[in-house]
Each structure stands twice: as C-alpha cells, then as structure tokens.
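Participant: If you read the sequences in order, they're chains A and B. Going by my numbering, the residue at position 7 of the first sequence is 7; the numbering climbs one at a time, nothing skipped. Numbers given in my numbering equal positions in the second sequence, counted from 1, plus 528.
Misleading hints may appear alongside valid ones.
[What the hints assert, rightly or not] Some, not all, of what chain A presents toward chain B, calculated at C-beta under 10 Å:
no., residue
1, G144
2, S211
3, P440
Don't read these hints as lab results, they were simulated from the structure. Positions of the beta carbon are idealized from the N, C-alpha and C atoms, including for glycine.
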Amino acid sequence: MFRMMAVVAGLGLALAGSAEAQSPRKGGTIRMTAPYGSSFTSLDIHTTQRAQDEIYAKALHRSLYIWNSSEGKPILELAKEDVVSGGGLVHTFKLRDDAYFHHGRKMTADDVIWSYTRIMDGTKAYPGARFVRVIEGAAAVEKGQAKEISGLKKIDDFTVEMKLTEKVEPGFYFFTALTSIYPADEGAKESFIQKPIGLGPFKFVEHVPGSRIVLERWDRFYKPGKPYADKVTVSIMAEAAARDVAFRNKEIDTSVLGPAQYVAYQSDAGLKGTIVEVAEVFTRYMGMNPSFKPFADKRVRQAINYAIDTDLIINKLVKGKAYRATSWLPLTSPAYDKAMKPYAYDPAKAKQLLTEAGFPNGFEFEWTTSQNESWGLPIVSAVIPMLDKVGIKVKVKQVETAVLAEVVRSGDYQAFIYSQASGPDPLAALKCFHSSTPQPACNYMTYKNIEFDKIIDEAGKADDAAKRTELLQKANALLYEEAPVWFFNYNKAVMAVQPWLHGVQLNATELTHQNVEDIWVDETSPAK
Amino acid sequence: MLSFLFRRLLQTIPTVLTVVLLVFVLFSVVPGSIVSSMSDDSDPQVELRMKKQLGLDQPVYVRFGAYIAKLATGDFGTSFRTREPVTTMIAKRIWPTLQLVFAAMALAVVIGVPLGFVAALKPGGIVDTLAMVVAVSGLSIAKFWLGLVLMYFFALKLGWLPSFGYGDGGLKYLILPAVTLGVSPMALFARTTRAAVLEIMTADFVRTARSKGMSETRVVKWHVMRNALVIILTTVGLQFGALMGQAVVVEKLFSWPGIGSLLVDSVLQRDIPAVQGSILVVVLAFLAINLLIDLLYGVIDPRIRYA
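Please construct the entire structure, taking both the sequences and the accompanying hints into account.
Facilitator: Structure (structure tokens):
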C-alpha cells in the first residue's frame, strides 16, 4: 500500500529519500504551522476533535497506538504486546514500563483506565467517546448508568485487559490524540489545561493563545535517542498567503498548501522540491436524501454521477489537488481496489437514466453547502450548469460549516456536499453505510441495503485478513453501483517542507500530524 | 466634573445591557450549537446530558437572567470549548489587542493629523494634493492586501522585520501589524483634520483675530488648532471602536494573539460565553475611550461644560 502512496506522493518521496541518506542530527528547532483556524481549541486534547489541535498534541501526548505512515496502519505505542483471546474480543495489553509523564511519574495501567473512563463522561461529550465506546461497558458510563467501564480491567501495574463489544482492530480506535493517556493524578486538576502533562517526546513550555505553542525535548522519552530536536514550535497561521510569505522567508519549516499555492509552488523551480503530498483518507461527495423522491431511485443517483464532469472540476477548479473518487474507500485504504474506474462523464447516459426513472424533464432539488473552497460553494457553482444540461435544476442553500454538520446529522436536506473521513479503518468507514448505523453517527444518507449489510457483517466476522479485504472491496463496489452519493474526490493533502527538515512522514490520516520524534533539522536551518 | 463622570458611567449601563441582550438573543436563535461541534456522533441521550450540564436545556430568558446575575459579580462565565473562565481567556488576549490598537492609533494620529493640518494651510498646493492622494489611497486599500504587501517588502525582500507572530511582544513584531491597522485611520484623520481646519480658517473669530493684527502663527496655534482638536478627538474616539473590530483581520493575518482571533473562533464554534465576553470587553473599551474623550473636550475647550 505504501508503494502506491509513494507513487502518488511523487516529489515528496524524493525529499524523504534524501533525508534517509544522512544520519539524523541532534538539536535545533522544528517550526511547524497550524493552518486550520485562528487558535487552538483547548490544551485539553480530550475535548477537541479539530485537526488543528492534534498537530501540537502529537508532540505532547501519546496514545495506546500510533499511526505508522510507512506501514499505513496503527501500531502499538504505549504497549509492548497485545495478546488476543476470547474469540478476538479480549485484548490483554502489556504496557511499557519505561514511559514517563512530563512531571516524572511512570505511566501505569491506572492511567489508561482513568483516561478512558474520563473520555466516557457523557456530561462532557468528549469526542473520543466514539472510539472508547467499543470497550464493553463504556456506553453505560457515558449514559450515567455506571461509574466504571466493565470491559477494562487492571491485571497488574503494567497490564490492562480490554474486552471489546465487537471484533475490530483496536489500533484504529486508540491511535489518535483524542484517546491520549493522561496522568490520573494531574489530569483531574484545573491547572492541567493551563499546563498539560503528557507522555510525548516534547513537554509543554508555553502557549500564547492565538499565536503559538512552544514545546521542548522530554529527556525521559521512552524511545532511545529520540526526539532529535531540542524544541518544537507550532505557530497558528490560518492565512495561506501569510504562510506563503513566511515559508519563503524561511521563518517556518512547514506550510500546508491550498489549490492556488499548489500550482504556484509546482511552477517555481526553487519551491517545487519542497512539495510533499499524500492521498488523505477523506472522501468528498454530494449526499442525496433517499426520502426526496427522485433520489430514492438508483438510476437518478447514477445519472447525477454521469452528468458531472468530475475530472474537469478537479483539474480546473481544484487545480489537481485531489484524486478522482472511484467509490467510497480512498486510495490509501488497505481495501482500495485499483481496478475500479470512476463514473465516466456521459450526459447522454445521464439523460437516458433520468428518462427510465420517470424524470425525462429532470427535476429540481435544494443543495446545502458551506463556503469551503475544496468541497463547498465553488464546486456546487461549477456543477450547476452540468446538471442543468440534463434538466436537473439546483437551488443552493448556503450555510456555515458548523451548521452544515448539524444539517447532515439531522437529515434536514435534499442534498449536501461534504468531506467525510473514509479511513483509515476500511471496515469502520464502510460501516457508515450499514443500516444499523444511526444517521447522526455517520450514516448521513440513511443508506439501507440488505446485501450490503450482509457483506459488511461477514467482513466484520472474518478472521482472515485477505478474506476481509475481499469482502470490503465487494461492499465498496456495491456502493459504487448504488451511488448513494456523487463520488467527487479524495483529498490530496499537500505540504511544503523546508529542505533542512528531514523525516517528515506521509501521513494519510492527516498530513500535518507528524510523529515529531522522528523529525530532525540539519545545520542549514536558520533555527539550528 | 465628578457628577458628570458619575452620570456618564450610569449612562453606560443601559448600553452594556442592550449589547449583552442583543448578543445573547442572536446566539440563541442562529443555527448551530456547541454540542454538535464537540462531537460527530453523540447519541441524543448524551447530547441532552451535555446540554443540561452547560445549562442549554433552560429557556432563553432563564439563561439570560442567570448570565446577568453572574455578570453583576464580574463573572463572565466558563468557556464551552476550553472549560476555562472567560475572564482568564480574555485576560490573556486583551493586552496584545490593546498594544496593537494603541500603536495603530498613535501612528494614525502622529502622521494623519499633522498631514491634514499642513494640507489645509495651503489648499490646492502640492502638499495638499499629495496628502489627499495618500489619504484616499489609505482609505481605499484593503487591510488584508496591505498587510501582505508590507510582509512581502519588509520581511521577505528587505529582511528587516518578521513577517508574522508575537515573538516576545517586542516592537519588531508590532510594527507591521500596527502599520497595517493604522493606515486607514491615518488617512481618515488627515481628511478630517484638513476639512476641520479649512472650515475654521474661514470662521468669523479667525477673521477677527487676523483683523486685530494677530500673527498667522498665533491665529493657527490659538484659534484654529484648538477648535479643530475637538472635531479630531471625536473622530479618534469613534475610530478606536472601529479599530478594535478591524483588528480581527490583522490579528489573523499576522498570527497576533488578540481578542479578535478569540472572537472569530468562538463565533464559529458557538462558544457563547466566550463570544459574549469578548464583545463585552470591546464595548467597554470603546465606552471608556469615549468617556475619556468627553472629559478631554472640557480641557481643550473651556466653553464645553461638564454640566
């Protein structure tokens, strides 16, 4: 899978390759940027699911698992071993006995149990609850029916037993910062959100709200010789143009690029080599409400897929900063099927399908959208004349992104355009279309197909990885045929990285989320 | 003067209450809520518990009453997002915003007022024409664009100043954001000063002073300047409030850690206590500056009585 990512990453790999040739240097400052807003939401990473916050959290905190970009999967981080029993439902984790919190105390099983129990406090609606809920008894704690998670047991100080409600790979549930392990003695204190303590390779130094976070090397980090850098600064830079100037001025080491900058950097000989890109596990699409009569018919949904010149939009409007979607699972998904081809642009076929479905003159629908440049109003505006060609009229309803999330979850729409996580766990991603998944969870189109449910249930029970992948590919192909959405694109995340920064990982879950202990700066950095 | 001050302070209470009420009602009716932005998939039961914990299950008037009662004790509430007291959040942000706004205002006054004054002394001359071209340009340029141009030249091309950030809060980090924010009020002050001076120059009392044989320097210093200052001060007071609002764009562009970026993020995430607190602080700062200016009127022009 990584090979495929590497092909996609192109120039990024060349950069990574040159890094491998040198031996890592100790010292220096890594100067990252947080591009997704004007501030960090909170220093309590359990409370926030924004990608912005996880950028600093990757340096400060650690979870039971960590995302390994080269393998394209989560691997054990705070545990040395996971012994599976009970028909795949019981996991016994042997925790590291050399992981120290930044206040000097060793991590134990109590901290793991305390952290997961905290996340299940239903009065706080911690976003990580959706992951911890997979542990037996966690939902009862969330609903206030129990004080302890029955499926979590401390065997000894460094052994935890976790009983799951279903047979899933726990790595996919416990690798993000949302499920970071906090020190039980400090995490409950009010001072914690002013001066957070974690298990990560860097400890907290300073937070200037709306401007930056500064972290310094934690000398008792459990990975020998790491981290390499002395310091990490994460500067909040929401404006792409400002980031561009700062990057060119060598004031920052990384900068996320939007479509316009992507084109500019590609055409600039001096900057072209700084580009790193990866297909992220996000699918952009137009969801169609099946309770709106025309969209109840599969042929109408297929007609929409045929009527839109998706390649044209990706190339001209998105400036090539996306990969054409061939179904739901993205390029970097382990269950992605390379043989699948996207819907062709074929207005005549669309017209024919509409006629067969009883809409020879088309129909009108309301399309709810945000202003997002990559999956919002500009895209909708480009699609409108294409749909008009086959007789489908569109009324645009523009809302804020925060409102769109509510609209999507409540089902109060005829159609909407959105970007949704479609990985890294292909089973979890496809389960969003299982009829038992509630609409507010992620089955936003209230999709219901008995055959699809059967395949997903079978995949969930499969012990053999190859068999599971085969079933997931079958389910993904069925979705393509059923077309509950207009399959638009998979996000191509693009970041510019200064030549003196080495070890940047092509993280398909979110490119800005870096395991900073693996990154090092050479002596040509202005912040050496 | 004390009774004037007391009366003015009393007058601010209904203004503050009206602002608080408007913000509260507005954020009670706009779609989107903090609960939905916190988690993607909370089940309805969990959402209800969270709403209860945040007090969002209460009717608007009950919540408003509780908020006012807290406000009376100086408690701005607790942020829905960060779980920190709003006063703590604002305390961290207010100084950078004030730094930025006062620096921009100082720049605008120091350059804009003399520029307008010099321009008005010889209307139609080269200085006047040039000053007005600068003033009109300053008013027309978008702050975002100007900020980028300044970054490009002074950071990227000349390497004199950092292009972004707060650093240690020192002057070199303040210059570019302050100039970006200060250019528009500078232009406005130049135009206002010019217009005020031109009008006063043709006033009866100026003509009388001249006819009494007073030198032009004394006429300008004792009659024109003092009278023009009242108008200029009024504009400065009004602009202070405007700058507090406009600082949002500049703060975001330069990663400046002020109230503006706090307000924007709080609005987007429906963190109502933080929005209310931020707006309230901006309003209070605006009222305080204007009160100060009212007091200064009496110092500049003794004919203005506090009664």
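Participant: All hints are to be evaluated individually against the structure, with a verdict given for each.
Facilitator: These are the hints, each one checked on the structure:
| no. | hint | in the structure |
| --- | --- | --- |
| 1 | G144 | holds (7 Å) |
| 2 | S211 | holds (4 Å) |
| 3 | P440 | holds (6 Å) |
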